[in-house]
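Peer 1: Here are the chains, one letter per residue:
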Amino acid sequence: MAGEAPANSTEFINHHLTHLKVGEGFWSLHVDTMVMSVLLGLVTMGLFYSAARKATPGVPGKWQAFVEMLVEFVDTTVKEVFHLDRRFLAPLALTIFVWVFLMNAMDLLPLDLPGKVAGLFGIHYWRAVPTADLNTTFAMSLTVLAVVMYFTVKAKGAGGYVHELFTSPFGANPLLWLPNFFLNLVELLSKPVSLAMRLFGNMYAGELVFMLIALLGAGFFTFTVAGTAGMLGHVAMGAAWAIFHILIITLQAFIFMVLTIVYSAMATEHH
Amino acid sequence: MENLALIAQVQGYTAIALGLIIGLGAVGACIGIGIMGSKFLEAAARQPELIPTLQGRMFLLAGLIDAAFLIGVALAMFFAFANPLLARFG
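Those protein sequences? They're chains A and B, same order as listed. Quick note on numbering: the first sequence equals residues 1 to 271 in this note's numbering. Quick note on numbering: the second sequence equals residues 1 to 90 in this note's numbering.
Quick caveat, the hints were computed from the structure, so don't treat them as lab data. Using N, Cα and C, we set each Cβ at its ideal position, and we do this for glycine too. Some hints here could point you the wrong way.
What the hints assert, rightly or not - Distance windows between CB atoms, simulated:
#, chain 1, residue 1, chain 2, residue 2, range
1, A, T95, B, Q47, 20 to 26 angstroms
2, A, W241, B, F78, 16 to 22 angstroms
3, B, G56, A, P174, 41 to 47 angstroms
4, B, G56, A, L84, 36 to 42 angstroms
5, B, I7, A, L183, 29 to 35 angstroms
6, B, G56, A, A158, 34 to 40 angstroms
7, B, T14, A, F244, 25 to 31 angstroms
8, B, I31, A, V153, 26 to 32 angstroms
9, A, G58, B, Q47, 23 to 29 angstroms
10, B, A17, A, H19, 41 to 47 angstroms
11, A, E11, B, I7, 32 to 38 angstroms
12, B, I31, A, S194, 19 to 25 angstroms
13, B, G34, A, T228, 36 to 42 angstroms
14, A, G171, B, A80, 45 to 51 angstroms
What the hints assert, rightly or not - Some chain A residues close to chain B (C-beta under 7 angstroms, calculated; not the full set):
#, residue
15, F12
16, V193
17, M197
18, R198
19, N202
20, L208
21, I255
All chains should be built: construct the whole structure from the sequences, respecting the hints.
Peer 2: Shown next as structure tokens:
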């Protein structure tokens, strides 16, 4: 983005798929992902803080009404599934929903805009969508796993949890301890993996389709018939995909939230 | 020259694999969405008062059904643009 234009389409896409990295190999850190996600987290907190500061018991303003609707929506969703004290889970679900939504929404920014802005500061690579990075989604889903285990221990006690791990599906016979434990382990680990892969896969595929659509319009400045037709297709398909993507980003944020609630509710149920 | 033939072979097989990943994934996801959509319409016709509740669940399930397909698409795209199987020849 800064400097010379990419030579061909493969280079263009590879360029857009490169993270701004610090470090090498396993110990590398994706700076762009970190900065964007923390920034969006702060935006989330700031928006809700302003609504809470300016809240009035009288006729609410538009923004306050919107935030109230959001809070109520999440609260009812939690209430339907999770029947214990939800003072911890409902705010967590709200945070997940709004934060993931905002991170996903970065997909709707013009493809080259974040890179161009970063280029002003002399940075060559910048990927704007934190959820199109496996690190973000796995960090979130592992945190959810920790929350689920916390709820399990809270509901059944540490001893009860270990007891359930070894005796749950088949029974308490010592011969069955190992198969039981193995099944429970698979069940436990499949949750964060599917949660993270689902969000990542959706966002990564969405981002790539945006890049492919961007390539369609690349030939416009040759001013040929094919280039102009490509540009028209680019505008039409870009609009269509962006509209469809609004549905996807909301849906994926919602699914992440609902599954967090469902997993927590499952953890607190007694067998 | 021998290397070139090998690269072409890997690329060809990868292209076939990409088609299978996306195509079969799309078939599965579409059948799933179709079954769910038809059941939703049936249920909505029988009990229209349940539509708001069912609609939320339908969208949730649509996302879940689509997810495996989209993960497949993401993987296929990854192999299409940065094929790690070709890196061995590098």
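Peer 1: Against each hint, give a clear statement of whether it holds in the structure.
Peer 2: Status of the hints after comparison with the structure:
In this structure the hint that A/T95 and B/Q47 lie 20 to 26 angstroms apart at CB is violated, the actual value being about 35 angstroms. One distance hint, 16 to 22 angstroms for the beta-carbon pair A/W241 and B/F78, holds here, with the actual separation near 19 angstroms. Distance hint check: the CB atoms of B/G56 and A/P174 are about 45 angstroms apart, consistent with the given range 41 to 47 angstroms. At roughly 22 angstroms, the beta-carbon separation of B/G56 and A/L84 lies outside the given 36 to 42 angstroms, and the hint is violated.
For B/I7 and A/L183, the hinted distance range of 29 to 35 angstroms is not satisfied, since their beta carbons lie about 43 angstroms from each other. Checked against the hint of 34 to 40 angstroms, the C-beta distance between B/G56 and A/A158 comes to roughly 36 angstroms, which is consistent with it. A beta carbon spacing of about 27 angstroms between B/T14 and A/F244 agrees with the range 25 to 31 angstroms that was offered as a hint. Our hint of 26 to 32 angstroms for B/I31 and A/V153 is violated, since their Cβ atoms are close to 41 angstroms apart.
At about 39 angstroms, the beta-carbon gap between A/G58 and B/Q47 misses the expected band of 23 to 29 angstroms. Take B/A17 and A/H19: their Cβ atoms lie about 26 angstroms apart, and the range 41 to 47 angstroms is violated. Checked against the hint of 32 to 38 angstroms, the pair A/E11 and B/I7 fails, with Cβ atoms roughly 18 angstroms apart. The given range of 19 to 25 angstroms is respected by B/I31 and A/S194, whose C-beta atoms sit roughly 20 angstroms from each other.
One distance hint, 36 to 42 angstroms for the beta-carbon pair B/G34 and A/T228, holds here, with the actual separation near 38 angstroms. Look at A/G171 against B/A80: about 49 angstroms separates their beta carbons, and that is inside 45 to 51 angstroms. Hint on A/F12 is violated. Least Cβ distance to chain B is approximately 10 angstroms, over the 7 angstroms limit. Annotation: interface hint on A/V193 violated; nearest CB of chain B at approximately 11 angstroms, more than 7 angstroms.
The closest approach between the C-beta of A/M197 and any C-beta of chain B is roughly 5 angstroms, which is under the 7 angstroms cut-off, so the hint is satisfied. Restraint check, A/R198 versus chain B: the minimum CB separation of about 4 angstroms is within 7 angstroms; hint holds. Interface hint status for A/N202: upheld, as the beta-carbon distance to the closest one in chain B is roughly 5 angstroms, under 7 angstroms. Evaluation of the A/L208 hint against chain B yields a held restraint, the C-beta minimum of about 4 angstroms falling below 7 angstroms.
Because the beta carbon of A/I255 sits about 5 angstroms from the nearest beta carbon in chain B, less than 7 angstroms, this interface hint is met.
Of the hints listed earlier, those the structure fails to meet are numbers 1, 4, 5, 8, 9, 10, 11, 15 and 16, in rising order.
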